[in-house]
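Student: Based on the sequences and whatever the hints tell you, model everything.
For the sequence shown, counting from 1, position 90 maps to 90 in UniProt numbering; every step adds exactly one.
Errors might be hidden in some of the hints.
Listed next, the in silico DSS-like pairs over lysine-lysine satisfying Cα-Cα at most 30 angstroms (straight line) [as the list claims (entries may be wrong)]:
no.	residue 1	residue 2
1	3	17
2	69	50
3	83	50
4	69	17
5	17	50
6	8	83
7	83	17
8	50	3
9	83	69
10	8	50
No lab work stands behind these hints: they were computed from the structure.
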Amino acid sequence: MEKSLFDKYGGFSVVSKIVLDLYDRLLDDDDVGPFFDEIDMARIVDHQTKFVSSLMGGPASYTDDQIRKMHAHLEIHQLHFDKLQTLLRATLADHGVAPEDQDAILGAFEARRNLVTE
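Tutor: What follows is the structure, given as structure tokens:
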């Protein structure tokens with residue numbers, strides 16, 4: 001049986017480092033940073049770690065309905081989603097994730113675009 005990307009790259013401890021790095025980049029970005037003003041960052045990092053883990057075939061998952069509800073109050077446009085994808089790809093690359101594995105993770109992320117964007 002083939003290992004999931006989650007297992008291949010080291011599980012929650014590695015995904016957590018990736019997500020923390022991603023949020024440093026997001027917070028510094030003028031387009032997406034403001035979405036995280038007044039947000040409990042520990043909570044969102046925990047949720048995002050579980051979400052990215054699920055994109056990598058890990059044990060955590062969110063239903064489409066949960067994802068839609070968590071983002072319904074936000075005005076997330078295509079530009080914001082595109083920026084997040086760009087930052088996620090760069091973060092994954094900087095953490096040694098192979099290009100084909102980045103494509104797989106970003107493909108799973110892209111499949112959820114319509115759940116969060118207007």
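Student: For residue 69 and residue 50, compute the direct alpha-carbon distance and say whether it is at most 30 angstroms.
Tutor: holds (17 angstroms)
Student: Measure nothing beyond the straight line between the CA atoms of residue 8 and residue 83; if it is 30 angstroms or shorter, mark the hint as holding.
Tutor: holds (26 angstroms)
Student: Does residue 17 lie within 30 angstroms of residue 83 when you go C-alpha to C-alpha?
Tutor: With a Cα-Cα distance of about 20 angstroms, the restraint between residue 83 and residue 17 holds, given a limit of 30 angstroms.
Student: Taken at face value, is the distance from the CA of residue 17 to the CA of residue 3 at most 30 angstroms?
Tutor: Judged against 30 angstroms, a Cα distance of about 20 angstroms means the pair holds.
Student: Below or equal to 30 angstroms on CA atoms is what counts here, so check residue 83 against residue 50.
Tutor: Answer holds: residue 83 to residue 50 is near 21 angstroms, not above 30 angstroms.
Student: For the pair we were handed, residue 8 and residue 50, check the Cα-Cα distance against 30 angstroms.
Tutor: holds (16 angstroms)
Student: Within 30 angstroms, alpha carbon to alpha carbon, are residue 83 and residue 69?
Tutor: Satisfied, since the Cα-Cα distance of roughly 21 angstroms is no more than 30 angstroms.
Student: Would you mind confirming whether the straight-line C-alpha gap from residue 17 to residue 50 stays at or under 30 angstroms?
Tutor: Holds, at roughly 12 angstroms.
Student: Can the restraint linking residue 69 and residue 17 be considered satisfied, given a maximum Cα separation of 30 angstroms?
Tutor: holds (26 angstroms)
Student: Quick one, are residue 50 and residue 3 close enough, alpha carbons at most 30 angstroms?
Tutor: holds (18 angstroms)
The structure is consistent with each of the numbered hints, conforming to all of them.
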